[in-house]
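Enquirer: With chain A's structure known, arrange chain B on it following the hints.
First to last, the sequence lines map onto chains A and B. So the first sequence is numbered by the numbering used here: it starts at 1 and just counts up by one. So the second sequence is numbered by the numbering used here: it starts at 1 and just counts up by one.
Hints in this document: simulated from the structure, not taken from any laboratory. Note that the structure is a prediction, hence the values are computed from the model and not measured. Any given hint could turn out to be false.
[Stated by the list, open to error] Lysine to aspartate or glutamate pairs mimicking EDC-like chemistry, simulated, CA-CA at most 20 Å apart:
| id | chain 1 | residue 1 | chain 2 | residue 2 |
| --- | --- | --- | --- | --- |
| 1 | A | K82 | B | E85 |
| 2 | A | K82 | B | D270 |
| 3 | A | K234 | A | D196 |
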Amino acid sequence: MIVLDRVAKRFGDRLALAELSLRVGPGEVVALVGPNGAGKSTALRILAGVIRPTAGDGAIGGWDVVRHASAARRQLGYLPQKLGIPPATVVGDLAALFGAVRGVKRADAVRQLAELGLGDRLGATLAQLSGGQRQRVMLALATLGPVTALLLDEPSISLDVDGAEEVRQAIRDARRRGVAVLFASHHLHDVAALADRIVVMVDGRAIAHGTLDELATAAGLPRGDAASEAPIDKIYRVLVTRGRAALRLVEEDAA
Amino acid sequence: MTSGRALLRFELAAVYRGRTAVLFAVGFALASVVVALAGLAAGGTLAVQGFARTSVSLLQLVLWVVPLLGLLTGAVAGAECHDLEFLTALPLPRARIVVARWAAWFIVLGACIMVGFGAAGIIIGALAGAADGARYLALIGVAGLLLAASLALGLWVGVAVRSRARAVGTAVVAWLVLAVGVDLVAIAVLAILPPGEAGWGLSLLLLADPVDSARALGLGLFRADAIAGPTGAALRRVLGGVGAWALAGGLALWTAIPLALAGRRFARSDL
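This is chain A alone, in the form it adopts within the complex (with noise of 0.2 Å):
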């Protein structure tokens, strides 16, 4: 389970995250969409624990991810969407720690990757690796071990589409061992083939929450098969559209 309650994130003057709440659970599968700085890496970042909210609670398993960190990151996997880690790390060095830190022998781990048809990359740098095989190690490092949540920030950008297409199989496979999975991604077409929810975002806040059906009404579209009869994009363009409308007009009241 993954939560986050009213959850508000400053960087200095500027509000990088107002107040999202948000649940995911076991088994469900939930897309944060919006336009570059919407705060989606934010939210997610908070929750990893990489950085700090301002305000509200974020947790993970029922842990709260400040003051029971450790326990939080225990049962967490998380794809920055940065690499995080210095690029000359060796591939087999990364897959020994992560093994050790999640109670994974070091052999299952290089299983994992070997059944990525990484098996004879274990030796090469991540700097060294295809930005495709890039992703797919830091994807299975960040689901080795009994993890029930899982954070991805795009984790398809700069790939391929037999790459992106691997990272959708992880998502699949997560959702069936019941891991509650939070991703952001620009990628709409993927989000509407892989998520239960959709939280639309803008500015940092939360601009609409649902499924594509419950989108596509909030859009004012057509319903039915919304995939086709409402394509994502044009739901997505019409809800940014008028939340930086209200936003702005929020503002100019403020003002």
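Expert: Showing chain B alone in chain A's frame:
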């Protein structure tokens, strides 16, 4: 394997695979050998004189090179802690990441220093005899204490400053202050305070500077504290026999406190 040991192995592998350690090992070994030969030859003959004479020369090398290397390496390693987003999401206390980085660099650079001292020691032993060999080993210990303190200080600087370039700049300034600046303050203290009061002031100043502490400790090993400068002489007068232990304890504190501060700072910072 425990997660702490796994983290140390991971950091050790990262340090070992970098080129910094190898370059330092080769450079320090060459410099040690050159200093040892120069020290032996300075007497006009390569006569039997043991380790004492050349050790004092080697101490000067340690006092200039070790803190600079420790501060710079620590500062870069500390700043790079902020690039570890993938690792910090693991169930590992962040302070442990800082300590593992410090330990890995200490082990590798400490081994490099031992290689340098070992090379110089073989030459000294062969040409000048084994007298004072035990004190020479103790000098390696002093270099280790200074390395530990300067690495910890550098890590604290790097974690606090975050940017690698600013961390390096701050480390160089810190090195200048510790290697030169504190001595200038000591001279000023001597000039200003009456001799009776200056002794305690200088002793405290000595403890407040890990480089000066190591200098006094190293020279004391070879009964050469008469040339330890004003602070060393004052320490001998004020603290007497416990001076060496006070200095070693001071260096240990110079390691523990900055390391604790670096861990605390990193644990509380947003990446």
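Enquirer: With a cut-off of 20 Å on the C-alpha distance, tell me whether K82 of chain A and E85 of chain B pass.
Expert: holds (8 Å)
Enquirer: Could you grab the alpha-carbon distance between K82 of chain A and D270 of chain B and see if it respects the 20 Å cut-off?
Expert: Since the Cα atoms of K82 of chain A and D270 of chain B sit roughly 15 Å apart, the hinted pair holds (cutoff 20 Å).
Enquirer: When you check the alpha-carbon spacing of K234 of chain A and D196 of chain A, does it fall within 20 Å?
Expert: Holds - the C-alpha atoms of D196 of chain A and K234 of chain A are around 18 Å apart, at most 20 Å.
Taken one by one, the earlier hints all hold for this structure without exception.
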